[in-house]
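The task is simple: from the sequences and hints, build the whole structure.
Protein chains: 2
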Amino acid sequence: MKQPIGVIDSGVGGLTVARELMRQLPKETFIYLGDTKRCPYGPRSEEEVRAFTWQMVNYLLKKDIKMLVIACNTATAYTLEELQETLHIPVIGVIEPGARAAIKFSQNRRIGVIGTEGTIESEAYPNALVSIDQKIRVNSLACPPFVPMVEEGTLSGPQAEKIVAETLKPLKDMNHIDTLILGCTHYPIIKDLIQQEMGTHIQVISSGEETAREASLILAYHKALEVDEAQPQHEFYTTGDIEKFRLVANNWFDEPVRVLKFVELEHVPSSAY
Amino acid sequence: MKQPIGVIDSGVGGLTVARELMRQLPKETFIYLGDTKRCPYGPRSEEEVRAFTWQMVNYLLKKDIKMLVIACNTATAYTLEELQETLHIPVIGVIEPGARAAIKFSQNRRIGVIGTEGTIESEAYPNALVSIDQKIRVNSLACPPFVPMVEEGTLSGPQAEKIVAETLKPLKDMNHIDTLILGCTHYPIIKDLIQQEMGTHIQVISSGEETAREASLILAYHKALEVDEAQPQHEFYTTGDIEKFRLVANNWFDEPVRVLKFVELEHVPSSAY
Chain A
10 MKQPIGVIDS GVGGLTVARE LMRQLPKETF IYLGDTKRCP YGPRSEEEVR AFTWQMVNYL
70 LKKDIKMLVI ACNTATAYTL EELQETLHIP VIGVIEPGAR AAIKFSQNRR IGVIGTEGTI
130 ESEAYPNALV SIDQKIRVNS LACPPFVPMV EEGTLSGPQA EKIVAETLKP LKDMNHIDTL
190 ILGCTHYPII KDLIQQEMGT HIQVISSGEE TAREASLILA YHKALEVDEA QPQHEFYTTG
250 DIEKFRLVAN NWFDEPVRVL KFVELEHVPS SAY
Chain B
10 MKQPIGVIDS GVGGLTVARE LMRQLPKETF IYLGDTKRCP YGPRSEEEVR AFTWQMVNYL
70 LKKDIKMLVI ACNTATAYTL EELQETLHIP VIGVIEPGAR AAIKFSQNRR IGVIGTEGTI
130 ESEAYPNALV SIDQKIRVNS LACPPFVPMV EEGTLSGPQA EKIVAETLKP LKDMNHIDTL
190 ILGCTHYPII KDLIQQEMGT HIQVISSGEE TAREASLILA YHKALEVDEA QPQHEFYTTG
250 DIEKFRLVAN NWFDEPVRVL KFVELEHVPS SAY
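In order, the protein sequence lines correspond to chains A and B. Just so we're aligned, residue 10 is where the first sequence starts under this note's numbering, counting upward by one. Just so we're aligned, residue 10 is where the second sequence starts under this note's numbering, counting upward by one.
Quick caveat, the hints were computed from the structure, so don't treat them as lab data. Hints are not guaranteed to be accurate.
Here are the simulated lysine-lysine pairs, BS3-like style, with alpha carbons at most 25 Å apart [stated by the list, open to error]:
1. Lys36/A to Lys72/A
2. Lys144/A to Lys144/B
3. Lys36/A to Lys144/B
4. Lys75/A to Lys232/B
5. Lys232/A to Lys144/B
6. Lys144/A to Lys36/B
7. Lys144/A to Lys72/A
Stretches of chain A that chain B covers, calculated by requiring three or more beta carbons in the stretch to come under 8 Å of a beta carbon on chain B [stated by the list, open to error]:
8. 36-48
9. 142-151
10. 226-237
Just so we're clear, the structure is a prediction, and the values are computed from it rather than from any experiment. Ideal placement from N, C-alpha and C gives every residue a C-beta, glycine not left out.
Take a look at the structure:
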């Protein structure tokens, strides 16, 4: 039996990361757990985010996962280091892969980052970038209209273009960056719109693609890549409404997804983490 | 004092990898050792390549390196696994990073690989690609004229364009690939020419850029990234003619390089490896 890779997220955004993981690692089996009931994590306290994340992690550890991917910017910012130190399996988040990719692409060392207000305020991306190269200049911009727009399904057309143009205006006006990190897992769904608005001279980086690439390296590094070529059977779990989750997932994936069941995480006693 | 990262190559080609390492990891110190005297490794036996590589590795281990980068396709193919199993520091090669990047970029799963005759015959890239995704189709092409062309300094103009066009014709005629791996460390020097000939719809991947990106991740994963922001002092060593090496290095780097000394590797007794 294939040993699965666990993917956790505060909701549906991490599905873009899961999709890239499945594309770049087609032999691997993934178990996705989205905490849609308590989403979004952005406005929550660090303590709450840590508690919720540990509940998800403990649920997946029982399924014998060989690696954990934190497909949520907020959870990565608050728990990555702690999980890496505590768990006996490799743990990767979505922030550093995007930062490293941006450093690779940028020629002028001026990098833009867009994300939710929480992610931008946390300065997780500037910190990750500058810790590697102190000469990098970062222009950050919170884009609150993007998540509701994506979840409502406004993905193209004049209305979508107008929202994207108005939201990105402050970043475009600065006109110095050559690389833009999509620092929110929802944004790859409107990557084409963002690319079109920013111009083809800007390298737009999707954290999901880069996280999948790094997951591939870490598995290879640990000699833990799956060799069995049989079609993997992925599993999706949600803490919220199953039908709503399935609807979004089926919109974002080429094939229908198996949303197995509702998970009641609140029942995990707090002593478990 | 900063703990250095060792970079070994059969000659000067690995300097393109070193250049990317220095750009993407500007706080790190690098020690480069090029075995120019016994270059190229391509036509040599596996036993010889292994012996020469171990001599270089033993020389660098005495300099207390914290990571080893094998910036040579032939040496990677023959020694990566053995070095990873034997050394107590992380070891990375140039083949897998290029393969993983190609998998990330390719949408149609048709990937081209160009390299020296030795690298193409070894099938190291197709093996790395297909081991991750068995549905990938690889078109390989040996490009023997490229290394002499780059070393002679024919980097632009009608003569260079003619060589590149004639050499790449078989690959271009197939016209299916959407991604092309430069599977030789010399080729990034003529990346623009290759991109121009293949067309802008082809994603051209430089192994050096991707290797540097993965070195950055592995260092972070081991919490071994340098934090000191002082300008690092890199060192370059060659087993061959110092002036010839310096000439090539100075052509490829923005700043003059310090070629410290000639290293006589033959003096390492074979029992040392």
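Quick rundown of the hints versus the structure:
{"no.": "1", "hint": "Lys36/A to Lys72/A", "in the structure": "18 Å, holds"}
{"no.": "2", "hint": "Lys144/A to Lys144/B", "in the structure": "42 Å, violated"}
{"no.": "3", "hint": "Lys36/A to Lys144/B", "in the structure": "11 Å, holds"}
{"no.": "4", "hint": "Lys75/A to Lys232/B", "in the structure": "21 Å, holds"}
{"no.": "5", "hint": "Lys232/A to Lys144/B", "in the structure": "21 Å, holds"}
{"no.": "6", "hint": "Lys144/A to Lys36/B", "in the structure": "11 Å, holds"}
{"no.": "7", "hint": "Lys144/A to Lys72/A", "in the structure": "43 Å, violated"}
{"no.": "8", "hint": "36-48", "in the structure": "violated (count 1)"}
{"no.": "9", "hint": "142-151", "in the structure": "holds (count 3)"}
{"no.": "10", "hint": "226-237", "in the structure": "holds (count 6)"}
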